[in-house]
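Protein chains: 4
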Amino acid sequence: MKAVVVAGGFGLDNLRVEERPDPEPGPGDVVVEMRAVSLNYRDLLMVRGSYNPRQPLPLIPASDGVGTVVAVGSGVTRVGVGDRVCPIFATGWLSGEPSRDKLKTTLGGPFDGTLCQRMKIGGDAVVRVPSFLSDFEAACLPCAGVTAWSALVTHGQLTAGDTLLALGTGGVSIFGLQLAKALGARVVITSSSDDKLERARELGADVLLNYRRNPEWGKAARDATGGRGVDHVLEVGGAATFGHSLRAVRPGGTISIIGNLGGGSIELNLLGVLMQNIRLQGVIVGHRESFEALIRAVEQNQLRPVVDRVFGFDEVKSALEHLASGNHFGKVCVDITARR
Amino acid sequence: MKAVVVAGGFGLDNLRVEERPDPEPGPGDVVVEMRAVSLNYRDLLMVRGSYNPRQPLPLIPASDGVGTVVAVGSGVTRVGVGDRVCPIFATGWLSGEPSRDKLKTTLGGPFDGTLCQRMKIGGDAVVRVPSFLSDFEAACLPCAGVTAWSALVTHGQLTAGDTLLALGTGGVSIFGLQLAKALGARVVITSSSDDKLERARELGADVLLNYRRNPEWGKAARDATGGRGVDHVLEVGGAATFGHSLRAVRPGGTISIIGNLGGGSIELNLLGVLMQNIRLQGVIVGHRESFEALIRAVEQNQLRPVVDRVFGFDEVKSALEHLASGNHFGKVCVDITARR
Amino acid sequence: MKAVVVAGGFGLDNLRVEERPDPEPGPGDVVVEMRAVSLNYRDLLMVRGSYNPRQPLPLIPASDGVGTVVAVGSGVTRVGVGDRVCPIFATGWLSGEPSRDKLKTTLGGPFDGTLCQRMKIGGDAVVRVPSFLSDFEAACLPCAGVTAWSALVTHGQLTAGDTLLALGTGGVSIFGLQLAKALGARVVITSSSDDKLERARELGADVLLNYRRNPEWGKAARDATGGRGVDHVLEVGGAATFGHSLRAVRPGGTISIIGNLGGGSIELNLLGVLMQNIRLQGVIVGHRESFEALIRAVEQNQLRPVVDRVFGFDEVKSALEHLASGNHFGKVCVDITARR
Amino acid sequence: MKAVVVAGGFGLDNLRVEERPDPEPGPGDVVVEMRAVSLNYRDLLMVRGSYNPRQPLPLIPASDGVGTVVAVGSGVTRVGVGDRVCPIFATGWLSGEPSRDKLKTTLGGPFDGTLCQRMKIGGDAVVRVPSFLSDFEAACLPCAGVTAWSALVTHGQLTAGDTLLALGTGGVSIFGLQLAKALGARVVITSSSDDKLERARELGADVLLNYRRNPEWGKAARDATGGRGVDHVLEVGGAATFGHSLRAVRPGGTISIIGNLGGGSIELNLLGVLMQNIRLQGVIVGHRESFEALIRAVEQNQLRPVVDRVFGFDEVKSALEHLASGNHFGKVCVDITARR
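Residue numbers (the numbering used here), protein chains in the order written: chain A, 58 to 397; chain B, 58 to 397; chain C, 58 to 397; chain D, 58 to 397.
A couple of the hints might just be wrong.
One copy or any two copies: either way a pair holds, since identical chains are not told apart in the list.
As the list claims (entries may be wrong) - Mimicking DSSO-like on lysine-lysine, the simulated pairs with C-alpha atoms at most 27 angstroms apart in a straight line are:
id	residue 1	residue 2
1	Lys374	Lys177
2	Lys374	Lys161
3	Lys177	Lys159
4	Lys374	Lys276
Calculated directly from the structure, the hints in this document are not laboratory data.
Kindly produce the complete structure, drawing on both the sequences and the hints.
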């Protein structure tokens with residue numbers, strides 16, 4: 058089988074397609090024939106070497122994907138041959154509290170990821186996905202989908218009538234928008250593009266803020282709640298946005314610290330966090346139980362992850378460059394079955 | 058001003074309209090000119106003397122209602138003259154944990170209730186209501202609406218993809234159905250009437266169970282979840298239904314014990330509760346903070362409480378008889394401004 | 058190896074010691090040489106056939122025990138040969154929400170239990186125990202200990218200054234007393250024996266209620282809180298005690314429904330539950346994550362489970378009869394290594 | 058009556074004792090004859106003008122104190138003349154979620170504080186204190202005590218067997234140490250002074266870290282948990298300590314952001330927060346319901362706040378300078394009844 062690997066050193070230029078032996082399932086394992094992958098900002102950081110500079114190479118990148126079970130090892134009963142499944146992000150984190158050990162079981166680093174034709178993985182570490190989703194849509198769930206769910210529901214308990222501020226139109230933000238609308242919440246969303254804001258409105262966004270035209274968008278988000286402040290911020294920006302997020306959020310509200318961060322540090326005024334009783338919640342995706350809850354929500358509400366663009370199996374470098382450009386709306390995907 | 062009172066003894070036959078002095082607001086109080094009232098099963102029990110046999114008479118019954126602020130006492134800043142407001146159910150319970158003292162401040166017994174033309178009440182004990190609701194719709198919020206909210210959200214943390222089982226089509230059940238749909242949840246509902254089930258479907262119910270035709274409806278509800286069991290039951294029935302509710306609910310799920318109970322006892326098999334790790338949660342309406350959260354959800358999702366029928370101010374006895382008949386779908390209301 | 062089995066029919070008279078083949082560990086398994094077992098009321102109900110009349114026989118009863126790992130199968134890394142471990146009650150419930158499938162993995166029925174010399178069990182389904190505990194003390198943790206922990210901490214979030222009402226002096230109640238004291242809470246305890254009450258005082262109980270001399274002990278417990286009501290009741294009694302527990306608990310408080318129930322039903326006045334916003338929480342032991350948290354608490358606070366009496370491996374019938382008599386204080390244990 | 062005020066400009070040199078008219082209680086108010094005050098770092102920042110540069114002057118500083126009710130206005134039933142009470146920090150925050158309005162009702166800025174002989178305050182905004190505490194001890198509860206409680210219990214749900222890392226030996230840290238021990242938790246504490254560490258050990262601290270001798274104290278704290286990481290950090294230091302706190306805490310753990318901060322900003326590596334699923338919780342004291350729960354814990358566990366040193370009513374400047382020096386262990390108090 059073939060796999061995309063980063064080898065010989067970090068960097069997009071070190072990505073190549075390699076031949077690997079077909080995996081055989083051990084006891085408790087399954088083998089999944091991968092069909093689609095979606096990319097996350099973490100994958101870009103990982104390939105560049107900035108997520109974990111000590112990650113051994115070669116590495117098969119990416120953690121989001123979907124495929125079909127083609128073989129099962131002894132003792133596997135949760136899934137069977139022919140099931141369409143997604144691997145989970147941290148293969149050892151099924152439910153409950155995280156731990157250092159559980160967080161060392163993540164795909165796309167340190168473990169090999171989803172950018173391959175056949176993937177061996179524990180039978181406990183996959184989740185069946187709803188049939189109404191396309192492969193590309195389903196491939197967006199494990200990382201971007203579960204991250205949005207963990208932030209809004211598992212940690213944030215967002216509920217009907219609450220207000221969410223979503224920053225930008227990347228994968229987690231758009232998923233957050235969709236979930237928040239399914240939950241009966243109100244959504245304020247930001248972008249520098251009126252076109253993207255218009256697309257967000259079509260997905261249900263209630264308040265659109267062009268942060269170019271409205272540099273004081275944190276205050277504008279707060280004003281949009283009648284001065285009360287938003288209940289939850291999906292903070293994906295980091296240094297450039299954090300001050301605005303703090304201005305937007307209500308006392309006692311939550312700012313989820315998630316994915317798309319540039320890897321750098323921010324200046325944080327702790328006094329502001331303290332004085333308004335703010336909660337900052339780091340969200341490293343989530344466990345399988347959250348994924349299964351997400352699946353039920355996706356199925357009940359017929360939520361379709363938004364796919365920005367699909368690249369071929371031989372175009373992963375271009376796909377990651379597109380992701381890095383910030384020009385996408387929703388998720389950037391790779392078709393494992395197609396070369397372009 | 059005029060008020061409906063139960064006087065001289067308990068019973069529907071002891072209801073009458075009486076003249077009372079116009080109230081004046083003390084420091085911190087407001088006076089509300091009532092426009093509409095909605096009735097709850099608790100009001101029926103209270104008038105009959107079975108809710109609290111030691112309730113002193115005369116009593117102005119009912120806790121749900123809406124009106125317009127016509128006078129404010131010194132120090133009141135939360136609301137002003139002209140605001141349309143609902144009184145809250147327990148006037149001393151603004152947020153946080155309940156206490157015996159807080160639960161002694163409920164309207165319609167022990168305190169005089171809403172079936173009157175002018176009502177004096179603490180300025181802390183009213184909540185402004187959205188303008189898009191009619192008076193009759195708004196009058197349904199404080200007790201039936203807040204009860205459903207407390208059960209599903211404050212205690213139950215129902216979320217998208219969860220399944221709710223609502224018993225029957227009374228006020229709390231129908232509100233629960235509407236809220237659950239706004240939250241992205243799935244709803245199974247029961248009735249003995251196919252017509253009512255059809256109306257529930259129009260409000261979004263996913264699974265309809267006619268308990269006459271399907272006496273094993275608890276098992277049927279569980280089957281409708283693929284055997285997993287429902288996450289939450291709004292239990293309004295009591296002795297006749299509890300065993301079915303226990304069969305329907307998933308391990309670790311919640312059965313909310315609410316309103317419409319006949320006042321009697323049930324045979325409860327504790328071993329079943331224990332072995333499935335079930336939670337039974339008594340829900341005595343809720344605090345003002347829950348009411349305010351409900352208002353935000355109602356406004357964001359444009360939820361309209363379902364009004365079954367409106368009676369005149371001189372028809373309270375007939376209204377309570379209609380409520381007792383169980384033939385209603387949604388809420389039974391009284392128009393304070395009209396005689397029939 | 059030898060095992061105690063109930064065979065040929067339910068009932069204490071059908072208990073016997075049988076020879077069984079020595080178990081070999083499969084992939085992921087461990088074999089534990091058992092040293093001590095503690096008995097729970099559930100074991101008594103199970104042997105009598107009243108817990109689950111459809112339980113297939115023969116069955117090795119009991120779920121609580123401790124022993125030493127003597128063999129590990131491939132892939133086991135959590136524990137090694139020589140470790141002293143307890144099996145967990147539900148071998149498939151490691152953390153998170155329960156499910157029907159997880160609750161079907163319990164020891165001592167439907168799965169064979171701990172009353173044997175060598176036990177094969179999944180390597181995920183054991184927990185290392187602190188060295189300062191004797192074997193008999195350690196054997197009390199998995200079921201009685203975890204049940205008390207789940208009730209008070211996982212579900213109940215009992216904290217310093219709260220008041221616990223513990224009914225009687227059986228295993229869960231005494232463990233609940235010890236944990237509550239470690240948590241800085243106040244404890245009210247009941248018994249019909251002044252001697253037992255005195256022993257409870259030595260373990261830290263703050264208020265002693267002899268329910269023979271004080272038949273209105275529910276009200277007395279409430280009075281002991283200055284009328285506020287206790288925050289939590291460990292309800293092990295069932296029909297005879299429930300009304301008193303309801304009188305004791307504060308509005309918004311919790312009654313945990315646990316273990317020692319006679320298997321029957323109770324008359325429950327739902328109106329009382331509803332009007333005081335009471336939570337009844339069924340507690341079917343708990344998951345491994347709770348067990349591990351309990352271990353940390355036991356170690357930090359040097360808590361020693363109270364062992365009432367130790368029986369020989371050939372005295373299980375007498376041990377269960379002693380348990381049934383209600384004359385114990387704390388846990389009834391079996392020494393797997395000794396015949397009497 | 059006399060009051061300490063900062064007037065004419067910010068700064069310790071602008072503190073003076075002034076004559077003010079004796080307050081009279083309005084409806085719902087009480088007048089408290091103050092006996093003792095304890096100082097917080099916030100008071101120092103407030104007097105210097107760095108907490109809120111727009112605070113109008115003159116201002117009576119300080120929010121912690123205790124005194125005796127000497128007059129009650131109409132409608133006050135919670136307390137009576139002769140009761141010994143503490144004012145609460147935010148007089149409008151009785152329970153539930155904070156809000157901008159509630160957080161504008163804090164004593165010692167924007168409202169006048171406790172450094173006065175007679176104080177008028179809402180009858181809802183005081184809490185009776187246990188008689189076993191001295192005035193100086195009781196004066197430490199409203200701000201330092203409630204902050205520690207909110208951090209550890211209300212937000213943090215610290216429980217038996219958890220590990221707390223307390224930074225330094227200021228008021229909140231020492232209170233956190235005492236509460237954590239009452240809760241059955243393990244405590245790691247830091248200081249630059251072996252003498253102070255020894256005193257912490259006498260109060261129950263399990264692990265002592267001299268951060269001068271052990272500059273990698275964050276890692277040392279983590280090592281003290283066997284590599285698992287501490288469950289909770291009481292972070293009072295800010296820029297200089299935050300990186301160490303992040304290294305100490307376990308995945309999924311909580312860092313409470315509290316009091317003694319220098320008012321500046323920190324460099325925060327969000328990627329570390331994200332990758333370990335850390336929660337940062339700002340804690341601005343807490344509501345009256347938390348205060349009342351704290352009182353129950355203090356009473357049950359006979360916790361005595363640690364008073365470092367008592368200054369006279371005319372020595373407030375010296376007292377604040379002592380606080381600023383960082384040489385204290387526990388709380389710095391002022392005796393309202395004494396001049397030195």
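A quick look at each hint next to the structure:
1. Taking identical chains as interchangeable, the C-alpha atoms of Lys374 and Lys177 lie at most 27 angstroms apart only when both belong to the same chain, with a minimum of 24 angstroms there against 50 angstroms between chains.
2. Proximity of Lys374 and Lys161 under a CA criterion of 27 angstroms is satisfied intra-copy only: 26 angstroms inside one chain copy versus 48 angstroms between copies.
3. Proximity of Lys177 and Lys159 under a CA criterion of 27 angstroms is satisfied in both settings, with 18 angstroms inside one chain copy and 25 angstroms between copies.
4. In this assembly of identical chains, the alpha carbons of Lys374 and Lys276 never lie at most 27 angstroms apart, being 38 angstroms within a copy and 38 angstroms across copies at closest.
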